[in-house]
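Chemist: Chains as they are written, first to last, in numbering that gives the first Met the number 0: chain A, 0 to 276; chain B, 0 to 438.
Hints are computed from structural coordinates only; laboratory data are not their basis.
Be aware that a few hints might be false.
With a Cα cut of at most 20 Å, we get these calculated EDC-like pairs of lysine to aspartate or glutamate [what the hints assert, rightly or not]: (1) A/K233 with B/D117; (2) A/K59 with B/D222; (3) B/K260 with A/E37; (4) B/K286 with A/E235; (5) B/K397 with A/E235; (6) B/K397 with B/E432; (7) A/K233 with B/D216; (8) B/K285 with A/E3; (9) B/K360 with B/E124; (10) A/K233 with B/E348; (11) A/K59 with B/E348; (12) B/K192 with A/E46; (13) B/K347 with A/E235; (14) B/K286 with A/E37; (15) B/K285 with A/E170; (16) A/K59 with B/E55; (17) B/K309 with A/E235; (18) B/K382 with B/D222; (19) B/K130 with B/D117; (20) A/K233 with B/E261; (21) B/K286 with A/E55; (22) B/K382 with B/D216; (23) B/K260 with A/D175; (24) B/K286 with A/E46; (25) B/K285 with A/D175; (26) B/K63 with B/E326.
One-sided excerpt, in silico: chain B residues whose CB lies under 8 Å from chain A [unchecked claim]: (27) K82; (28) T85; (29) S279; (30) S436.
Among chain A residues calculated to face chain B with C-beta under 7 Å, some are [said to hold, decoys possible]: (31) N218; (32) G234; (33) E235.
Keep in mind it's a predicted model, so treat the numbers as computed, not measured.
Quick reminder that beta carbons are idealized off the backbone N, C-alpha and C, glycines included.
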Amino acid sequence: MPAEKIKKLITIYIPVIFCSLTTLFPFYWFLCTSLKPERSIMQLPLEYFPSQITGENYLKITNNFGFSHYFINSLIVSITTTLLIIVIAIMGGYAVSRYKFRGKKGFMLLLLLTQMLPGVVILIPLFSIFNKLGLINNLGSLVITYTAINLPFCLIMMSGFFSSLPPTLEEAAMIDGCSRWRAIFTIIVPAIMPGVVSSGAFAFVNAWNEFIFSLNFINQSSKFTLPIGLSMMKGEFTVNYGGLAAGTIISLVPVLLIFCYIQKYLVKGLAAGAVKG
Amino acid sequence: MKKRILSALLSATIAASALAGCGTAKNDEKTNDVQQSAIEFWYHDGNETSNGIFAELISRFQNKYPQYKVNYVGLPSDSYLQKYNTAIATNSVPDTMSVRDQDISAIVNQEALLDLEDTINNFDEKASLNKAVLEAVRNCAIDGKLYAFPEYFTCDISWANTALMKEKGVEVPKTIDEFMAACKKYADAANGKYFYSLRGGTGSMENLLDFLFTYADQDSLFDKEGNCVLDQPIFTEALDAYASIYWNGWTSKDSVTNGFKEMVAEFGSGTSMYISHNSSSLAEHKKNLGEGNFINIFGPANKNGNVVTKNLSFTGFAVTKKAKNPEGAIEFVKFLANSENQSYLCEKEGRVPANEMVYKKDWYRNDKYMKVYTELLNSDHVKFITHPVWLSGWGDFKAKYQEPDLQAVILKDKTSKEVLASWAAYLTKLQKEYLNSNK
Chain A
0 MPAEKIKKLI TIYIPVIFCS LTTLFPFYWF LCTSLKPERS IMQLPLEYFP SQITGENYLK
60 ITNNFGFSHY FINSLIVSIT TTLLIIVIAI MGGYAVSRYK FRGKKGFMLL LLLTQMLPGV
120 VILIPLFSIF NKLGLINNLG SLVITYTAIN LPFCLIMMSG FFSSLPPTLE EAAMIDGCSR
180 WRAIFTIIVP AIMPGVVSSG AFAFVNAWNE FIFSLNFINQ SSKFTLPIGL SMMKGEFTVN
240 YGGLAAGTII SLVPVLLIFC YIQKYLVKGL AAGAVKG
Chain B
0 MKKRILSALL SATIAASALA GCGTAKNDEK TNDVQQSAIE FWYHDGNETS NGIFAELISR
60 FQNKYPQYKV NYVGLPSDSY LQKYNTAIAT NSVPDTMSVR DQDISAIVNQ EALLDLEDTI
120 NNFDEKASLN KAVLEAVRNC AIDGKLYAFP EYFTCDISWA NTALMKEKGV EVPKTIDEFM
180 AACKKYADAA NGKYFYSLRG GTGSMENLLD FLFTYADQDS LFDKEGNCVL DQPIFTEALD
240 AYASIYWNGW TSKDSVTNGF KEMVAEFGSG TSMYISHNSS SLAEHKKNLG EGNFINIFGP
300 ANKNGNVVTK NLSFTGFAVT KKAKNPEGAI EFVKFLANSE NQSYLCEKEG RVPANEMVYK
360 KDWYRNDKYM KVYTELLNSD HVKFITHPVW LSGWGDFKAK YQEPDLQAVI LKDKTSKEVL
420 ASWAAYLTKL QKEYLNSNK
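Sequences and hints are given; from them, build the entire structure.
Modeler: Below, the structure is given as structure tokens:
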């Protein structure tokens, strides 16, 4: 084998294969476990491919565990949060990028500071506020919280994308008769689509996985979100490994689909956002 | 593009409207011409089995008391306490909730629970409530009051995989010497098979104290003056013996971080054939090993033939001080504690009932596992050690000192003597503070 090929094999292919295997194996193992009958999950020697494939774990969690409620609740909360964040971050990001106003630097610093507080610190004050507003046990409280928590980062990211475009772009459109709103949404936003997609993905995944606020703000089993549902697969003295694996696979599907769709934007968006602004 | 943005905004508006519709349930509802008042009930372990059990019990309750409607919320067992604490801090507690012995002290310190002394005294089946459990409930609070209606308890016990033992010709060890000999003889590190699964991770305290106190043949953590006895040389000897199971490679390397899940998984997969755990893991063993392939037995006895084990660890139902419907909540916990309903719950979940009237039920008398617990409760050779759950720092002690220190001993980073001395000093300080504040 030529030296160049050996070098490529050692420096590229072997590390890539190794990383792929170590990253993908846990997912494969979850899939494998979710398709095994409960009894054979614990059996030794371990079966790396199930000798008997069954869908009973999926059926069980859907029919007996109210998993579909959790899934739908998570979907409602995550999609609404994502849409709100995208809309507000576009407008806020544009304002921060294009306008000069007093206290702008302080405002940006404040946005960054909000990212440094652990969620649990604001749990009790938020709970009290939502309680007074009658929003406890309402998915709206989760949407508002997730939007508020994720918005600063998305807004900063978005303003970086806006700054990467010259103001002359929308000015040219406005000279041709466009209103500012139209110029933003028809000229600028399509040009920063990678940024919109990155922000949206960031918001969606964070809302999808959040646990603490969901546990504390919701007091009705049918309104719990997926992370709470998954957590209940592990009881005080029992663990439903099959159900847990099946639930994890189901909860991965939307995230996986989103990432498949946005992959091309995401890499471009993250890289662009990292160096501009 | 304009259309897309508009449709996105429209979707958000629709979703927000839908969310607004998911409002809080009203406290009072009128159904079938009966004015119903709601009872908010939280259960700390909302798994598939318990959710089904409570659905049935709540249906029975609502049939008997149509004026009440119970809103049941099953919670994740590893984070329920955070929800309880948030609810207490924000005055949004449920009417009633399940509590474990280890939780009560902290919740009572926040003045969140109603004293149930009178309720229990007026309970029709009060005479049949297990005295030891009632005593355990009292021990949890600094004022010695009853803040929970005990429902069931767990006994620390050993589980043996008899099918595997029979196959390998292993006798169930009855003494510590036999147990250590079995650990040594049947350790097969090359094939990843062992006699015993040591628990070095979360929850290691129960197994550790059972072993140390059986070895030392003592049954109290403190002397009369409130000094912790763990710094006595006999406990150093005992901890060395316990840790030697790991030092000698007689248990899996993973044992150092074994929590409940990992230990039961090792037992269930045949990696080990003997574990120390409590009565509540029965369902897992049935699922993993199959009925008839395992038994529950007393832990190994010391040279005097005595076994020292953790005092009954109970779960009960408490009524909160700020309950919106205290009358309904009290009626509900009494309903759950009566023999008929407690029997249903304990039979389905494999729990040991706190109401002794259940012991006369056919299912209990014919249950081979329950027989062992009855024997354990009545044996002259079994002593019970009470864990000081009344100490507000007990939870911290387990998480911040006991668990990491035990791992340090197992990994030979610290010696048994220094660790036990530091534990004794810490617990003595806590106990004396407690005794002084209680004078």
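Chemist: Hint by hint, say whether it matches the structure.
Modeler: To see whether the hints hold, each was checked on the structure:
1. At roughly 36 Å between alpha-carbon atoms, A/K233 and B/D117 are farther apart than 20 Å, so this suggested pair is violated.
2. Of the pairs offered as hints, the one joining A/K59 and B/D222 is violated, with about 52 Å between alpha carbons and a cut-off of 20 Å exceeded.
3. Using a Cα cut-off of 20 Å, the hinted pair B/K260 and A/E37 holds, with the two alpha carbons roughly 15 Å apart.
4. A C-alpha spacing of about 16 Å is found between B/K286 and A/E235, which places the hinted pair at or below 20 Å, so the restraint holds.
5. Between the alpha carbons of B/K397 and A/E235 the distance comes to roughly 18 Å, so the proposed pair stays at or under 20 Å and holds.
6. Of the supplied pair hints, the one linking B/K397 and B/E432 holds, its CA atoms being roughly 18 Å apart against a limit of 20 Å.
7. Simply put, A/K233 and B/D216 have alpha-carbon atoms about 36 Å apart, too far for the 20 Å limit, and the pair is violated.
8. Only pairs whose Cα atoms come within 20 Å are accepted, and B/K285 paired with A/E3 is rejected, the gap being roughly 58 Å.
9. Among the hinted pairs, B/K360 with B/E124 is consistent with the structure: their alpha-carbon atoms are about 15 Å apart, no more than 20 Å.
10. Restraint check for A/K233 and B/E348: the C-alpha separation of about 15 Å stays at or below 20 Å, so the hint holds.
11. Our distance criterion of 20 Å between C-alpha atoms is met by A/K59 and B/E348, whose separation comes to about 19 Å.
12. Between B/K192 and A/E46 the CA atoms are separated by roughly 18 Å; this keeps the pair inside 20 Å, and the hint holds.
13. For the proposed pair B/K347 and A/E235, the alpha carbon gap of about 15 Å is at most 20 Å, so the pair holds.
14. As the CA atoms of B/K286 and A/E37 are separated by approximately 8 Å, the hinted pair is consistent with the 20 Å bound.
15. Distance hint between B/K285 and A/E170 is unfulfilled; the C-alpha atoms sit about 73 Å from each other, more than 20 Å.
16. Annotation: proposed proximity of A/K59 to B/E55 holds, straight-line Cα distance about 19 Å (limit 20 Å).
17. The straight-line distance between the Cα atoms of B/K309 and A/E235 is roughly 18 Å, inside the 20 Å bound, and the hint therefore holds.
18. Restraint check for B/K382 and B/D222: satisfied, since their Cα atoms lie roughly 16 Å apart, inside the 20 Å limit.
19. Distance hint between B/K130 and B/D117 is fulfilled; the C-alpha atoms sit about 16 Å from each other, no more than 20 Å.
20. With a C-alpha separation of about 13 Å, the suggested pairing of A/K233 with B/E261 holds against the 20 Å cut-off.
21. With a CA separation close to 15 Å, the supplied pair B/K286 and A/E55 stays within the 20 Å bound.
22. Distance restraint check for B/K382 and B/D216: the Cα-Cα separation of roughly 9 Å lies within the 20 Å cut-off, and the hinted pair is therefore satisfied.
23. Taken as a hint, the B/K260 and A/D175 pair is broken in the structure, with Cα atoms around 68 Å apart against an allowance of 20 Å.
24. Restraint check for B/K286 and A/E46: the C-alpha separation of about 18 Å stays at or below 20 Å, so the hint holds.
25. Annotation: proposed proximity of B/K285 to A/D175 is violated, straight-line Cα distance about 76 Å (limit 20 Å).
26. A C-alpha spacing of about 15 Å is found between B/K63 and B/E326, which places the hinted pair at or below 20 Å, so the restraint holds.
27. Hint status for B/K82 relative to chain A: holds, with the closest Cβ pair at about 6 Å, below 8 Å.
28. With a least beta-carbon distance of about 5 Å to chain A, the hint placing B/T85 at the interface is held under the 8 Å criterion.
29. With a least beta-carbon distance of about 4 Å to chain A, the hint placing B/S279 at the interface is held under the 8 Å criterion.
30. Taking 8 Å as the C-beta contact cut-off toward chain A, the hint placing B/S436 at the interface is violated, the least distance being around 27 Å.
31. Checking A/N218 against chain B: minimum C-beta separation of about 6 Å stays under 7 Å; hint holds.
32. With its C-beta approaching chain B no nearer than about 3 Å, A/G234 sits inside the 7 Å limit, and its interface hint holds.
33. A hinted interface residue such as A/E235 counts as satisfied when its beta carbon comes closer than 7 Å to some beta carbon of chain B; here the least separation is about 4 Å, so the hint holds.
Violated hints, listed in ascending order, are 1, 2, 7, 8, 15, 23, 25 and 30; each of the other numbered hints is respected by the structure.
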